[in-house]
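These protein sequences, in sequence, are chains S and V.
Residue numbering for the first sequence follows the working numbering, starting at 1 and increasing by one per position.
Residue numbering for the second sequence follows the working numbering, starting at 1 and increasing by one per position.
For the record, the hints were derived by calculation from the structure and aren't laboratory data.
Among these hints, one or two may not hold up.
[What the hints assert, rightly or not] Facing chain S, according to a computed beta carbon distance under 10 Å, are these residues of chain V, among others:
#1 Ser20
#2 Gly23
#3 Asp26
#4 Leu27
#5 Tyr57
#6 Leu58
#7 Gln92
[Said to hold, decoys possible] Derived CB-CB ranges, DEER-like:
#8 V:Gln77 with S:Gly606: 49 to 55 Å
#9 V:Arg9 with S:Ser532: 31 to 37 Å
#10 V:Asp111 with S:Asp463: 32 to 38 Å
#11 V:Glu71 with S:Glu647: 34 to 40 Å
#12 V:Gln77 with S:Gly565: 48 to 54 Å
#13 V:Gly74 with S:Pro562: 31 to 37 Å
#14 V:Gly14 with S:Arg455: 38 to 44 Å
#15 S:Gly565 with V:Val102: 32 to 38 Å
#16 V:Leu12 with S:Gly437: 26 to 32 Å
#17 V:Pro85 with S:Asp463: 25 to 31 Å
Backbone N, C-alpha and C fix where the C-beta goes; we use that ideal spot for every residue, glycine too.
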Amino acid sequence: MNVGKTVAAIAGLAALYFTAAKLGLTLAFLNASATAVWPPTGIALAALLLMGTRVWPGVFLGALLANLTTAGTLMTSLGIAAGNTLEALFGAYLVNRFAGGRDAFDQAQNIFRFVLLAAMISTTVSATMGVTTLSLGGFVRPGDYGPVWLTWWLGDAAGAIVIASFVLLWSRHRRVTWTRAQMLEGACLIVAVLVVAGVIFGGLFSFEYLTVPLLAWAAFRFGPRETATVIVLLSGIAIWGTLHGAGPFLAATQNASLLLLQAFMAIMALVNLPVAAVVAERRQAEERLRESEQRFRTLYQRERGTVDILQRSLLPTRLPTIPGLMVAARYVPAAPEPLGGDWYDVFPLAGGRVGLVMGDVAGHGVGAAAVMAKLRNALRAYAMEGHSPKDVAERLNRVMERGEMASVVYLVLDPLRWHVSYFNAGQPPPVVLEPTGAVKFLDQSSIPLGTRISRSYDEHEVDLTPQSTLLLYTDGIIETRRGAEARLTKLERAVAGRPATDLDGLLAYLLNQILGESAPIDDAALLAVAASPLDPRRFHIELVALPDSLAALRNALRRWLPHIGATAEEIFAVTTAVGEAAANAIEHAYGPKEAAFEVEALVETGKLAIAVRDKGRWRPPRGPMRGHGLKMMRELMDSVEVASGPEGTMIRLSHTLRNAVRP
Amino acid sequence: MTDPLAAVRVILKGDVVVASLEGEVDLSNAHDIREDILASIPNTAAGLILDLTKTVYLDSQGIQVLLDVTELLGVRQQRIRLIVPTAALIRQVLSLTSLASVLSLDPTMEDALANLQATDL
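Between the sequences and the hints, there should be enough to build the whole structure, so can you do that?
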């Protein structure tokens, strides 16, 4: 606050103090300078608390002028003004030091302290200095010292409580955010206060305790600010009524009546203001609790969203097409909320083999999802680099940080030989459903990854009966609150004897049988792989135009050709010729997007007609040996036709089977 | 890394390198196989016997590898023999492309060793 503002504040305070003092002194009945109603004490105290003690000259000036223009001498006026000023400074000091300062009326504890320190103790300064000064000046007879002092003190105390609370509360809480209903209720309260106060202090029914319900109303339905307002209103009406000779506080003298009234109002304020403060505190606490609950809910939902996104982005959106194989998967999030950390993966490997993964990271939430992301990507990378399951396991174990733990089963399936090599670090045993309907478990397993107990993992090799179905699952499938054993048996029973012609149907059936209507207590994932049924009249495959697809194509042909009765030489010849045609499609598949090619073979009356189509253009042989592919196809097949158009190139191969199978 | 489709295993028989090509050779791994074979022959070796007994598949790119190796060893004045058993399916591919005359094919290790010693540079 700069000097200009300070001077203005002092002048304003002096004017206000003077007006209030003159008003109070009109009610000085016992002595011209001592009155039972003294609002200036409250004004001075509030002003010093709000604007700082530097505005004290305002109090001094206001008090001096008010007293000079009323009674006594300059000396008595100076003494009284000094007493009033010291009272305000002392009171403000005590309240600032011990009772929460300008926010004293926001807490019940501080209100009691305020009453004791500011209303009861600091006011003795003004009363003592004022009355002593007047006595010394001869304006108070020695026998009257006691009653005048009491009047003075009580007037100051009531002023401090009633006026300071009103001014401080309204200054510190200026914003009124009432709803329409609250405004209506507020109007009702004011009308009720006016009517009830009129009845009591107009003398119709002189029962002062009728004011209690009104104050309770203000305290419970509104707040400290409104309660203080009702007290000020009631005080004003009470003084007016009492001076007009009506109401419950009529005593022998006007002064005695006012003292009784002031004492009553001070006590009403002392009781009701803390109640209002407690109610407001509780309301604020509830609001804060609601806010923090909301904040936590938002945070929680944000984390859930993150887990969801991670989980979604890491599970394959579309399972890869693996020649000769059917693949199906299901992911059922736990109820009431998904935990994250489970994943499955399917990816083609060199040589027509396929990698199958089922994993479960310990823990849940964003942390588990992040570990899962790391493991999923590391596993894919190591597997595609050509590492064996054992090496993959040991490398994965090395990327685990302290405190991370995961169970993973990784299988490499060679669908041509139905050979499986795998490691199982703590996952439930994969199920093998044989074509006969018999159920077996791949039950070799070791401890989970990340335990640091073991650094070496065993790889297990199993030859499966061709046309078996492999089933991988996380423990969410078999885990119940009653333990895993019952569900495992249930899974075994459910899967036994189920034909594996429709994997999606199989998984839906299993989920229904094992979980029923209930959602799992942990996230549950299921992954099934089976050989796709062979059609003895038609072979069809579509592959990405990349060199790695050639092995997959050969393996698919090697699986299908025996089915139509081709001999070993014929299988070799067809595989080689189609391989050349496909290599051509791959070599010429240049383009911005991933190109594909397809191979279709039809068998009719012992004749095999094969078409290899691509979306590129047939490129004439380049270099001395480039023509070998075409030459090889011509030598190996009965006929070779190359048709090149704007849509792409088609190579037609035909071959007469030596001993064709009649379907 | 190890090529899951094919592997080249190398042993030394005196001053002759015997490299066995096991598996399948196609467009996807022909280049790597070519490098593996060439890396197996030191300048000091008298010659190379490339054993294709366990080669189950060989496309035109694989044949190109055999031609490249043969040509390069010729330039380096090193001898080369290929072992392809008579009954091997790939023999059919090698013979029908009339490459049998360019490549030096032997049915067994004994023939290959004998022919390698007898070959004039």
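Discussion item. Run through the hints listed earlier and report the numbers of any the structure violates, in increasing order.
Written reply: Those not satisfied are hints 1, 13, 16.
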